[in-house]
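Protein chains in written order, with the numbering used here: chain S, 1 to 84; chain H, 1001 to 1189.
Treat each hint with caution, since some may be false.
What the hints assert, rightly or not - Some chain S residues judged to face chain H by a derived CB distance under 10 Å, without partners named:
| no. | residue |
| --- | --- |
| 1 | 11 |
| 2 | 13 |
| 3 | 16 |
| 4 | 19 |
| 5 | 20 |
| 6 | 51 |
| 7 | 56 |
| 8 | 63 |
Hint data in this document are derived by calculation from the structure and do not stem from the laboratory.
Beta carbons: idealized from backbone N, C-alpha and C, even for Gly.
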Amino acid sequence: MWRYQRKFREGADENVLGSIRRMARGNSLFENRRPNGFADVSVESGLTMGRWAWASKFVDFNNDGWEDVAIVNCFVSNQAEDDL
Amino acid sequence: MASQTVGADASSKDLSDYRLSWMTVNALLRRGNSWSGNERHCSYLNTGQGPMINVSSISGLDFKEGGSGLAVTDWDHDGDVDLWVTNRTAPAVRVLRNQAARSQHFLSLQLIDTRSNRDAIGARVTLLGRSPISMQTLRAGDAFISQSSKTLHFGLGSNATLFGVEIRWPDGTRETIEDLNADCHYQIT
């Protein structure tokens, strides 16, 4: 279960909340559909949560030929886990 | 999908709403809340079918530390890639040894270029006749304050039969090398 923004401006406009939430979750994945540009496949790829990532790599951890993903992140972290 | 910032066509109400949201965020942070659930590092498994699977916890990568650098290399030369993570907080460095089961095969290639740059930065290697399609570009410094090994590592799955690779060297020359063995480290000049 991903936790964020429980205390954050309850009832605020969903677009504004969406902007902040998207920044908090971190990741986007874009699929190159040449010659038609890129498609945002973040949600269907299951990759949305990376948080405030500094370094991300596609890495095949288990040698199965499919590239996995490793992400290290760092931003303001305090004891409370579930609040922005 | 919402963009990270309000767009150029935003009304003054949108803008003030957006700024107010950031003030709220900052106020919460000052009171001891975390940005995004006390961030842990993330890792995802690609099974080739459907969405990626969040394996942050089971992989052991989900440290709470403030990480910034990530370098990938087969540090112990056992045929799977290990990770180096640097942190802003202690410990400054973690070496994460990959202890995945050795049931799958790999290929490891070190390129030495005699025509353009010695380390062959910019070369692209494609495995021939294998599925899924596997291609890697040799880079130097492709993550923040990090330098991964310039030895290319390919996972081969359960198929260990002889195969070839196509190398596109940095100067554009294409070269095909046939009959490589799985589970080997090759140096190609």
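### Numbered hints the structure breaks, given as an ascending list
1
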